[in-house]
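Given these sequences and hints, build the entire structure.
Those protein sequence lines, which keep their order, are chains A and B. Mapping the first sequence onto this note's numbering, position 174 (from 1) lands on 1031, and the numbers just tick up by one. Mapping the second sequence onto this note's numbering, position 161 (from 1) lands on 1018, and the numbers just tick up by one.
Read the hints as simulated data drawn from the structure, not as lab findings. For clarity, every value in this text was computed on a predicted model and none was experimentally measured. Among the clues, some could well be false.
[Claimed, not checked] Calculated pairs, SDA-like style, for lysine to any residue (alpha carbon to alpha carbon, straight line, at most 20 Å): (1) B/LYS1081 - A/ASN1090; (2) B/LYS1030 - A/PRO1071; (3) A/LYS1081 - B/ASN1090; (4) A/LYS948 - A/GLU1032; (5) A/LYS997 - A/SER1012; (6) A/LYS1102 - B/GLU1132; (7) A/LYS1102 - B/ILE1113; (8) A/LYS1125 - B/LEU1106; (9) B/LYS1081 - A/PRO1071; (10) A/LYS1125 - B/ALA1120; (11) B/LYS1130 - A/LEU1106; (12) B/LYS1081 - A/ARG1002; (13) B/LYS1130 - B/ALA1120; (14) A/LYS1030 - B/GLU1132; (15) A/LYS997 - A/GLU1032; (16) A/LYS1125 - B/ILE1113; (17) B/LYS1102 - A/LYS1102; (18) B/LYS1130 - A/MET1093.
[Unchecked claim] If you want a taste of the chain A side facing chain B, the calculated C-beta under 7 Å gives, among others: (19) SER916; (20) ILE1045; (21) ALA1079; (22) LYS1102; (23) LYS1130; (24) GLU1132; (25) THR1136.
Every residue gets a Cβ at the ideal spot worked out from N, C-alpha and C, and that includes glycine.
Each chain, written out:
2 protein chains.
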Amino acid sequence: MALVVEKLAILGQGLIGSSITRAVFERNLAKQVTITDASPKVRKRLLELGLGAAKVVDSNEEAVADADLVIACVPVGIYGLVAEQIGPHLKQGAILSDVGSVKTSIISDTAPFLPNHIHFIPAHPLAGTEFSGPDAGLPKLFVNRWCIVTPPEGSDKNAVSTVQALWEGMGSKVEVMSPERHDQALAITSHLPHLVAFSIFHTALAQEERTQSPVIQFSAGAFKDFTRIASSNPIMWRDIFLKNKGPILDVFRRFIADMESCADAIEKGDGEKLETLMTKSRLTRRRVIDKEHISLLPDEQDQRLEETLFRPYSSE
Amino acid sequence: MALVVEKLAILGQGLIGSSITRAVFERNLAKQVTITDASPKVRKRLLELGLGAAKVVDSNEEAVADADLVIACVPVGIYGLVAEQIGPHLKQGAILSDVGSVKTSIISDTAPFLPNHIHFIPAHPLAGTEFSGPDAGLPKLFVNRWCIVTPPEGSDKNAVSTVQALWEGMGSKVEVMSPERHDQALAITSHLPHLVAFSIFHTALAQEERTQSPVIQFSAGAFKDFTRIASSNPIMWRDIFLKNKGPILDVFRRFIADMESCADAIEKGDGEKLETLMTKSRLTRRRVIDKEHISLLPDEQDQRLEETLFRPYSSE
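Right, dumping it as structure tokens:
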């Protein structure tokens, strides 16, 4: 793999940050890597782990001092603080990037603290596990996963290319889009599903308390998938929900309206409407799966679904 | 494994029916097994597959004629019809059981057609895959999965024991409860998650159409779990939603109210409320997982969660 950058700094060594450190060394993407973490306990653990030849330092300021490219891997709520810390210490012409799940808020939170001579090129790898911390990192975490790069208007093309090359070097498929479009897309494909998974537990717990009857133990496959989603880090998700408030509230309210329309169909016994809704879902899945060049559905089912695609559907 | 029954009939050889056929032969639970399916194509395939030493016959009437135990594995919407077909042909004192996802409706749908001399002991195995048809069956599908047996009040104890023994013989954990309690429990742990997964696709598709911007391809883990759930059979789920209307509408409306309260918290920027909601979800997951004697969360996280359990939470 070709070298992407001379001096790389990675701030934060949780699941994502430590996966980047591991991937960069495995694929020789940088000549020199400096890493740090806000937690002294994590920094101690980094010294024990000895990730590649990474140099572990005690502060963000120290880590970025000489870096050509800095990737901040911190919770979405504190990018402003980190920008304030590192702003005065960034090298002339350095590239700054991130891995946050919300892009517009990170751009506006950091803007006041970043000098004009640096290039902020935000990025968001769509990858993760339910685990966290420097031990959870995996060098192959980003392989064949999307990384969305969201350069603000007028960004330096070379800087965008460097960030793109780093993610491609780690095995990701890179898509470049505006920060606004990213936030709208993720609101529906990631933030809403998490919000729903968290909420469904609240409803289940309340039902157990109300009826004094345990139900959650009798959970089949679907509920277990929800539990996996709902076991994600609460602090991280609280910040995502609050930082992407506008797009999330927009899809959330549309979803609630769709649910209400669905409840009405059940109440009225409108089987045709329910069937059409569900058949559409199946087709969508096929499309998601096709993107990965996998087909799980037998041909016959596919054909039936194609036929159904052309049936009218009204959401009322 | 000890023999549970002399003559067993299994009506319907889709995923569940053909898994029972396979499991019964693998574990020698019956001396003689007769199977059938409403589809001539499936019956032809059954002859090709040669599941154990099962005798394939052409009608439900013929299949049940001499059976001690009959298990109907048909869509929840047609149990009344099947009862009408087999009622007059059931042997004196025979046991009838089923595998439907809704219990009270199946009991009331079949009641008019079942003679007094037979014992109807409904059951519901909480097991499945996203595939269907006689080729999809697995002999180990029910191992370590719950099977809920829901005898109507006053059921014959020996008949209940026989049905329980069959499921335990196939490796299931059996829980006996009332049909009403089953339907309430499954409404929240299975029916609602499916309804939500189907609905979220509708919302995502509508957003793509509205914004003319593909978003679904950028789906991370959470959305993929939803797609898996939403790829279940539309006809089967339409029937479940309509047959379990009361309990589903009840939890559905509570869930919508919880979602609205959650949307309000986001709108007001109430991070504490969001965090508490999500921490509770994590704890619930731990409880679900503990039931299976698996712990995925490190000790430290668990402790933090326990502490948070005692924080006040208001759903407003």
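Each hint tested on the structure:
Simply put, B/LYS1081 and A/ASN1090 have alpha-carbon atoms about 19 Å apart, close enough for the 20 Å limit, and the pair holds. Between B/LYS1030 and A/PRO1071 the alpha-carbon distance is near 16 Å, which keeps this suggested pair within the 20 Å criterion. For the given pair, A/LYS1081 sits about 19 Å from B/ASN1090 by alpha-carbon distance, which is consistent with the 20 Å threshold. Of the pairs offered as hints, the one joining A/LYS948 and A/GLU1032 is violated, with about 27 Å between alpha carbons and a cut-off of 20 Å exceeded.
With a C-alpha separation of about 29 Å, the suggested pair A/LYS997 and A/SER1012 falls outside the 20 Å cut-off, and the hint is violated. With a CA separation close to 15 Å, the supplied pair A/LYS1102 and B/GLU1132 stays within the 20 Å bound. Simply put, A/LYS1102 and B/ILE1113 have alpha-carbon atoms about 19 Å apart, close enough for the 20 Å limit, and the pair holds. Using a Cα cut-off of 20 Å, the hinted pair A/LYS1125 and B/LEU1106 holds, with the two alpha carbons roughly 11 Å apart.
Annotation: proposed proximity of B/LYS1081 to A/PRO1071 is violated, straight-line Cα distance about 28 Å (limit 20 Å). At roughly 27 Å between alpha-carbon atoms, A/LYS1125 and B/ALA1120 are farther apart than 20 Å, so this suggested pair is violated. Proximity of B/LYS1130 to A/LEU1106 is assessed by CA-CA distance (about 16 Å); at most 20 Å being required, the pair is judged to hold. Annotation: proposed proximity of B/LYS1081 to A/ARG1002 holds, straight-line Cα distance about 13 Å (limit 20 Å).
Note on B/LYS1130 and B/ALA1120: the hinted pairing holds, with a Cα-Cα distance of about 11 Å set against a maximum of 20 Å. In summary, the hint linking A/LYS1030 to B/GLU1132 is not supported, as the alpha carbons are separated by about 33 Å, beyond the 20 Å threshold. The hinted pair formed by A/LYS997 and A/GLU1032 meets the criterion: a straight-line CA distance of about 19 Å does not exceed 20 Å. Note on A/LYS1125 and B/ILE1113: the hinted pairing holds, with a Cα-Cα distance of about 18 Å set against a maximum of 20 Å.
Between the alpha carbons of B/LYS1102 and A/LYS1102 the distance comes to roughly 34 Å, so the proposed pair goes past 20 Å and is violated. At roughly 14 Å between alpha-carbon atoms, B/LYS1130 and A/MET1093 fall within 20 Å of each other, so this suggested pair holds. Interface hint at A/SER916: violated, since its Cβ lies 25 Å from the closest Cβ of chain B, which is beyond the 7 Å cut-off. Residue-level restraint check for A/ILE1045 holds (minimum Cβ-Cβ distance to chain B is 5 Å; threshold 7 Å).
At about 4 Å, the closest approach between the beta carbon of A/ALA1079 and any beta carbon in chain B falls short of 7 Å, and the interface hint on this residue holds. The beta carbon of A/LYS1102 comes within 6 Å of a beta carbon in chain B, closer than 7 Å, and the hint placing it at the interface holds. Given hint, A/LYS1130 at the interface with chain B, is violated; its Cβ is 9 Å from that chain's nearest Cβ, farther than 7 Å. Evaluation of the A/GLU1132 hint against chain B yields a held restraint, the C-beta minimum of about 5 Å falling below 7 Å.
Restraint check, A/THR1136 versus chain B: the minimum CB separation of about 5 Å is within 7 Å; hint holds.
In summary, the structure is inconsistent with hints 4, 5, 9, 10, 14, 17, 19 and 23 from the numbered list given earlier, while agreeing with the others.
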